[in-house]
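*Asks:* Protein sequences appear in the order of chains A and B.
Every letter in the first sequence is one number past the one before it in the working numbering, and letter 60, counting from 1, is 492.
Every letter in the second sequence is one number past the one before it in the working numbering, and letter 74, counting from 1, is 75.
Everything labelled a hint here was simulated from the structure, so no lab data went into it.
Backbone N, C-alpha and C fix where the C-beta goes; we use that ideal spot for every residue, glycine too.
It is possible that part of the hints are untrue.
Derived list of chain A stretches under chain B, where covered just means 3 residues or more per stretch with a C-beta under 8 Å from a C-beta of chain B [as the list claims (entries may be wrong)]:
(1) 534-542
(2) 551-559
List time: in silico DSSO-like cross-link candidates among lysine-lysine, alpha-carbon distance up to 27 Å [stated by the list, open to error]:
(3) B:Lys-58 with B:Lys-18
(4) A:Lys-501 with B:Lys-58
(5) A:Lys-498 with A:Lys-448
(6) B:Lys-21 with B:Lys-58
(7) B:Lys-58 with A:Lys-516
(8) A:Lys-531 with A:Lys-501
(9) B:Lys-58 with A:Lys-498
(10) B:Lys-58 with A:Lys-502
(11) B:Lys-30 with B:Lys-58
(12) A:Lys-502 with A:Lys-578
(13) A:Lys-498 with A:Lys-531
(14) A:Lys-501 with A:Lys-578
(15) B:Lys-30 with B:Lys-18
(16) A:Lys-498 with A:Lys-562
(17) B:Lys-30 with A:Lys-516
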Amino acid sequence: MSINITISNQPIDIYKEMTAFQSHSGDSGAIATFTGIVRGEGDIQSLTLSHYPGFTETEVEHIAGKAMKKWPLTACRINHRVGKMVPSETIVFVASASKHRRAAFEAVDFIMDYLKSDAPLWKQETRADKTQWIEPRQDDIIDRQKWEA
Amino acid sequence: MAHLLFFGRFSDLLENKTVKLPENVTNTKALTDYLANLHEGFAEIINRPGTRIAVNKAIIRSNTDITDDDEIAFMSALSGG
Chain A
433 MSINITISNQ PIDIYKEMTA FQSHSGDSGA IATFTGIVRG EGDIQSLTLS HYPGFTETEV
493 EHIAGKAMKK WPLTACRINH RVGKMVPSET IVFVASASKH RRAAFEAVDF IMDYLKSDAP
553 LWKQETRADK TQWIEPRQDD IIDRQKWEA
Chain B
2 MAHLLFFGRF SDLLENKTVK LPENVTNTKA LTDYLANLHE GFAEIINRPG TRIAVNKAII
62 RSNTDITDDD EIAFMSALSG G
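Work out the full structure, taking the sequences as your base and the hints as a guide.
*Replies:* Structure below.
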């Protein structure tokens with residue numbers, strides 16, 4: 433079992449990520465991935481993510497650890513970008529590997545729900561006329577709480 | 002010297018700083034009140050949903066003793082992904 437976490441301001445190459453993850457996922461029969469991309473809705477110019485160095489990594493690893501306990505995963509990878517991003521850039525890559533697909537799918541969903549509202553990351557959206565903090569919506573909270581039921 | 006860190010909305014109000022805590026600031030509640038008195042808008046943010054405080058990189062759930070050796074982080078609602 434392996435957990436691999438990166439929090440970085442470097443662009444995420446999802447093809448390299450996928451290749452590297454597959455090579456480390458042993459004899460798993462299933463890999464599920466999620467790629468989050470900065471949406472270019474309306475006049476959005478950029479997203480800027482900030483983090484708490486040393487703490488964010490620990491907390492994100494803790495989220496991955498919870499997924500590893502909940503499902504029989506063989507590997508888990510989270511690469512979350514911080515810093516300034518423009519529309520169409522990748523903001524997050526999550527991958528999980530398991531013997532069967534269901535666990536891999538669910539684990540990626542679980543991790544994303546926790547990253548949305550439980551990882552020490554702060555998101556600021558810049559539009560043509562303003563910059564504002566983006567915080568979890570009620571739906572994000574409900575999505576995370578469904579795993580706690 | 003205590004390290005005070007401010008993330009999210011808090012960073013709009015305050016920059017990270019290293020300070021000697023006032024004598025009467027011996028716990029996170031006292032520090033929160035102290036900062037709220039000094040900075041307009043701080044109390045509004047601290048009372049928003051999802052706000053958290055960490056002491057030495059551990060989220061606290063209740064008032065916690067602090068000293069000048071500690072790192073205290075004020076964090077508005079978390080939002081990754």
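*Asks:* Does each hint hold? Answer for all of them.
*Replies:* Hint by hint, here is what the structure shows:
no. : hint                     : in the structure
1   : 534-542                  : violated (count 0)
2   : 551-559                  : holds (count 5)
3   : B:Lys-58 with B:Lys-18   : 16 Å, holds
4   : A:Lys-501 with B:Lys-58  : 23 Å, holds
5   : A:Lys-498 with A:Lys-448 : 25 Å, holds
6   : B:Lys-21 with B:Lys-58   : 19 Å, holds
7   : B:Lys-58 with A:Lys-516  : 24 Å, holds
8   : A:Lys-531 with A:Lys-501 : 15 Å, holds
9   : B:Lys-58 with A:Lys-498  : 19 Å, holds
10  : B:Lys-58 with A:Lys-502  : 25 Å, holds
11  : B:Lys-30 with B:Lys-58   : 17 Å, holds
12  : A:Lys-502 with A:Lys-578 : 14 Å, holds
13  : A:Lys-498 with A:Lys-531 : 18 Å, holds
14  : A:Lys-501 with A:Lys-578 : 17 Å, holds
15  : B:Lys-30 with B:Lys-18   : 18 Å, holds
16  : A:Lys-498 with A:Lys-562 : 37 Å, violated
17  : B:Lys-30 with A:Lys-516  : 34 Å, violated
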